[in-house]
Every structure is written in structure tokens, then in C-alpha cells.
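With chain A fixed as given, assemble chain B with the ligands onto it according to the hints.
Chain by chain, the residues:
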Amino acid sequence: MELLTDSFISAILLIFSLDPEVLSIVWVSLKVSGISTFFASLMGVPLGFLIAYGSFKGKRILIICLNTMLALPTVVIGLFVYSFISRRSILGSLDLLYTQKAIVIGQIILILPIVATLTIAAISRIDERYRKTAMTLGANRRQTACVIFREARFGIVAAVIAAFGRVIAEVGISMMLGGNAKGFTRTMTTAMALEYDKGEFILAVALGIILLVLSFGINLIFNFFQGRTRA
Amino acid sequence: MLYVLSKITRKYGSRTVLDIPLMEIEQGKIYALLGPNGAGKTTLLNILGFLEAPATGDIFYHSTPVSFFESYLQNLRREVVMIDQHPILFTGTVYKNVEFGLKIRGIPKKKRGIIIEETLDLVGMSDFVQAQAHRLSGGETQRVALARALAVSPEVLLCDEPTSNLDVENQAAVINTLKQINEQRKITIMFTTHYMYQVSSLAHHTFFLDHGKLATT
Ligand SMILES: Nc1ncnc2c1ncn2[C@@H]1O[C@H](COP(=O)(O)OP(=O)(O)OP(=O)(O)O)[C@@H](O)[C@H]1O
Ligand SMILES: [Mg+2]
Chain A
3 MELLTDSFIS AILLIFSLDP EVLSIVWVSL KVSGISTFFA SLMGVPLGFL IAYGSFKGKR
63 ILIICLNTML ALPTVVIGLF VYSFISRRSI LGSLDLLYTQ KAIVIGQIIL ILPIVATLTI
123 AAISRIDERY RKTAMTLGAN RRQTACVIFR EARFGIVAAV IAAFGRVIAE VGISMMLGGN
183 AKGFTRTMTT AMALEYDKGE FILAVALGII LLVLSFGINL IFNFFQGRTR A
Chain B
9 MLYVLSKITR KYGSRTVLDI PLMEIEQGKI YALLGPNGAG KTTLLNILGF LEAPATGDIF
69 YHSTPVSFFE SYLQNLRREV VMIDQHPILF TGTVYKNVEF GLKIRGIPKK KRGIIIEETL
129 DLVGMSDFVQ AQAHRLSGGE TQRVALARAL AVSPEVLLCD EPTSNLDVEN QAAVINTLKQ
189 INEQRKITIM FTTHYMYQVS SLAHHTFFLD HGKLATT
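Protein chains in written order, with my numbering: chain A, 3 to 233; chain B, 9 to 225.
Chain B with its partners taken away, still in its complex shape:
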């Protein structure tokens, strides 16, 4: 098992927004997280992405219990990348954005260039390499954010509503990209969505989340 979540809860104030007795995620699969607004989907992804600590419970990643210390989490975050529901790009060019994670990992400049070109090509944004990130449309922003995450070859990709800003054509393109990277690079993917039809075409497994509680099919 890649992830095992045991008795996880998350609270905001006195309100429990997440309550998961057990959740298991297998390596190399695609998971859909389906649920209405406010169900706790983003909250769960934040926890899986090691960006937020649960209030109670244990997380096992590769069978190792996760301790929520900043320095420990930093290493885990290098393997798990989350794409925000409304992604934000750094000021600067598209190139600089995709380069960020690679630079941080100390990858040499020449190799960075090759990877950036490859990943932008993958999401169909090659023509925008030198464009200013803040001038892109919503859909373009979403695709660059996907490229920025893929560039670092994560083990796990967490996508919070990856198609919410996209038209039908681009939705299909992004779904294809996700499928492709899952098959070719064995990246484990979890994405959230409101749409049933996306689930059936993409996911191997579906989790339903409602009021912070889980139901599997």
C-alpha cells in the first residue's frame, strides 16, 4: 500500500470536516474523489499532500508512519505534488514556473530545459514558454500548473478539480494526459471532481465523500 490512513479526523474550530476510519491507496492507480461542495475533498488532498496535519489519526506512507515535523514532511513533499483547485502561477514566464521545482531539486540547467520543453508539450502549452504567466487564461493557467507539477516527476499527483476551468475539448485533453502519465510513468493519481462521467472514463477506484465521511464503491 502506498498510503494507509487510519482514524483520520480534521477539525475547523469545533466542526469536524473530515472523519475517515480507514483509507487505503495503492501505488500506480488512479483514484477519483467525488463529493458535493464542502464535503472535505480539498481538506483530504491537503492531508495526503502533507501540507496539513490531521487533528488525530495516523498516516502510513510506504508502510512508514508519518511524523508531522516540518523537516520530515519536506522530504515527503518532494514525492507528492498537489495542484490547487484554483492554481496560482508565480510572477514571471511560464518557463520559470515549470522550472521552479526542478531548480529546487538541483537539476542542472540543460536538463531542466529539456524537461520543461517535454512537459509543456505534454499539456499542449509549448507555444507559451516565454509568455508571462499572469496573462494566461484560466484554462491555460491550469495546464501550466499541471506541467509545473509533472516536471518534478512526482510519485503521487493530487489534482483538485483539474478540469474545472476548462472547456470540453481541453477537459478531454487533460484527462488523456493524466491517463498517459499514469500508464507511462506509473504515477499514482488522485483527483477530485463533481462530474460522474469523468470518473468512469479515468479512475480505477472511486471514493465518495460527503460531510467528511467516506463511502467506497
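Bound-form chain A, shown alone:
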């Protein structure tokens, strides 16, 4: 117990001293997670939209597959991507292994299903009458889609936030594909794992606190935004 309180106080001091190592780790984490979330959303939101909106054969099976992919462990994704980008494999010549790009690729695979399924859920909740009303007022397909997108926007933002929350807290992919190289691919979670291995808790606790605060902040912003516009 004393260990925890001691390291907690030292961790707080470390955070407020704006230690360059801490800042660098936080920056790498935010950057990599931000890029992954951006690209996953760029693909996942339209994908979810098309699936929710369209009526085609195999729609239900596709949704079940996406839901199954939600349960994919990060180590499996790590292994999978590794088998494509390791030195002697097909994409080995691109030298992607142990780079931020490699982490981004893995993380996109991790959260694409999250963005897509949550987008599908958000759009399915939208009243069918919005579509009908837009159509009867003369909207074409694209304009009708815009109406539905607008009505579902909070749900879609929530999907993106959930995805960001998932990647920023993820360890397996960052570790296996990033390699935890200091100042380069060391993220908050991989740094915490390493510090724990070394038996040093201060940095780990500091990063843990930052992670939680970040997460809290994002949810706060979202909630504020949602509450203000809707009420």
C-alpha cells in the first residue's frame, strides 16, 4: 500500500515537472492513436453507413462477422500483421516492422469493426420517417443519406470516440509491431508494461494517470457537446 501512495505522489510530481520523456511518450501515443482513429473512421463510418442503409444479400452475415471481429485479441492482429511485414515476408521490403506505421496498420484493423458496428447501430436507431420525409421532399440518394447522417451524428461521434478509447489503451499491437523503441514507438501502454517489468512504478503510474485523465476529458467534451445541442 505504501508503495502505491509513494509512487502516486512521485508520479504526480513527475507529471507536473513536464518531464520530456513523459511528454514524448504521450505525444507518440496521441499521434499514433489519432492517425489510426482517423483512417479507421474514414473507412468505417461510410462502411457502416452502406451496410445499415443498403439492402443486399448477406447483410446479416456481414454484420455477424463484424461483431465477431470485435472480439479479436490484439495479439492475434499483431501476429497477423507481423506475418505480412516481417523482414522475410511479402511486404518485408517496405521495412514497416517496428515503425509507427506498423502500429497504425494493426490498430486500424482493431478498430475498424468498432467504428463500423457502432455506426450501423447509430443509423439503425434513426427513425425511418426521416428517410421517407427527405425522399418525398425531393431529395436524391446522396441528400437523403446526408439527412440520416445528420440525425445520427451523435451516435457516429460516439463510435469514433469509442474507437479512440480502444486504441489509446491497447498494448498488444503497439508492443508486437512497434517494438517499444524509446522516443519513436514507445506509447503510454508499452512504456507502462516495460516499467512494470523493471519494477519501477513511478513512470507507469504517471502514464496511467495521464491515460485516465485523457479518457475522462474526451468523454467530458463529447457529453458537453451532446447535451448542449440536444437539450
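I should point out that these hints are in silico values taken from the structure, not numbers from a laboratory. Among the hints, erroneous ones may be present.
Keeping only pairs whose Cα atoms sit at most 20 Å apart, straight-line, the calculated EDC-like set for lysine to aspartate or glutamate is [stated by the list, open to error]:
| id | chain 1 | residue 1 | chain 2 | residue 2 |
| --- | --- | --- | --- | --- |
| 1 | A | Lys134 | B | Glu177 |
| 2 | A | Lys134 | B | Glu87 |
| 3 | A | Lys134 | B | Glu126 |
| 4 | B | Lys104 | A | Asp129 |
| 5 | B | Lys37 | B | Glu125 |
| 6 | A | Lys134 | B | Glu191 |
Below, chain B with the ligands without anything else, positioned relative to chain A:
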């Protein structure tokens, strides 16, 4: 003839909910569609509004056979607007709602403003221009939905129970509005209702619908 429906049927599963051998609608008239719950009134309006395709049969609009392709229907829908039985307004202001159809038609901003003001005035909702649509009462919602449809100057207006959410006073107001736009703008109107008395005061023609079958007077 504006519309000719020939041997139209509509099925849900194996149940036939609409079966109309022949129906003719003349331009510039007001039609009432009277019938009990589940008679198929909404289903028929959906078909007339080109929102749903019939299972079998042909529709002629301005003597031209309607082909049920999305791109073809889109053009027809610009001339025929349906107001839902329980209308839903888009998130945003009343102004934005009425603006929707005008924006889609590429009408310039200044002209949109004038039309919006005019139509809201027509339904007595001018004071609510900047109100959030989702906070309106049922009756106010219905009137804004009417304004939103009228703003685009349709050729045909299909109203599914236009007075169902309204008190007596507002019912009279809406009926007057419908009469007025029919006389002044020559808009063809079809509305559904359960009430006989509305029919006599407003409609030129009445269709009775029961179990999907038609009987004219
Ligand atoms: N999407 C649907 N799926 C299955 N059955 C439907 C569907 N829509 C309508 N029906 C059925 O079709 C029949 C006609 O429905 P419709 O909504 O046209 O009746 P209505 O005359 O408008 O009734 P109301 O006065 O209650 O509005 C009803 O029996 C209804 O249950
Ligand atoms: Mg109905």
C-alpha cells in the same frame, strides 16, 4: 387525368392490403380518402407519392406510365409531396425544416427566405421561425410539416390525416389553408380522414376505402 391507377395491388407477405381495379384523379381537385383503421389509406398515399411501388398494376401520371426506377421516381417526387400521418421534423430550427426542399431544388438563399416567411405565415407559425423543431407541440409540428411541404410548391399534396393532432380551432385553420392553396395555386390535394364532416366541407370527391377496396360516391 392527373393520375390513372390500373389494377393496382399491394401485398404485405401473403396478405393483400390494397386492391384497386381503377382509380382516376383529376388535376386541381380536392379528394378525401375515407376509411377505418387498417383500410390501406396510408399504403395508397405512399404509392401515389411514388414512395412505394405497387406489387402489380400500372400507374399513369400525366398519361405517362410510371416506371419504378429510383432515378425516374426522384423526378416525380419533386412534384408530389406527402405529409406523414405523424410527421417528423428534422433536427434544427423550423426555418431549416421549411428550407430543406427549397435548398435541394437549388433555390437561391434570398428567395428561400421569402418563401419560408410566406409559407409559415400561411400556416400561422411565423412566430416560431427560429424555434427548435423538436420542442414543438404535436399540433405545431403538424403545421410546420404542412409548411415544409407547401414551400416547394408541389403539383400534388398528399396529406395523411392532416388534422389528427389538432384541436378544433386549428383543424378549421388547416382545412382553410388547404382550401386556399387549392384555389389559389391549383394544387391537387388528397387527404385521408376518419371524419365525415371534414369531407363534406373540403373535398370535391370522396373515395371510400375498406379492406383495401375502393367505393366511390
Ligand atoms: N410495413 C408493413 N408491413 C406489414 N403490414 C403492413 C405494413 N404497413 C402496413 N401494413 C398493413 O397494411 C394494412 C393497411 O395499412 P395502412 O397503414 O395503409 O392503413 P390505414 O388505412 O392508413 O390505417 P390508419 O387509419 O390506422 O392509419 C394494415 O392492415 C397494416 O397492418
Ligand atoms: Mg394510416
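Now the hints, each set against the structure:
1. A/Lys134 to B/Glu177: Violated - the C-alpha atoms of B/Glu177 and A/Lys134 are around 29 Å apart, more than 20 Å.
2. A/Lys134 to B/Glu87: 15 Å, holds
3. A/Lys134 to B/Glu126: Answer violated: A/Lys134 to B/Glu126 is near 25 Å, above 20 Å.
4. B/Lys104 to A/Asp129: 19 Å, holds
5. B/Lys37 to B/Glu125: 26 Å, violated
6. A/Lys134 to B/Glu191: 28 Å, violated
In the structure shown, a violation is registered for the earlier hints numbered 1, 3, 5 and 6, in ascending order.
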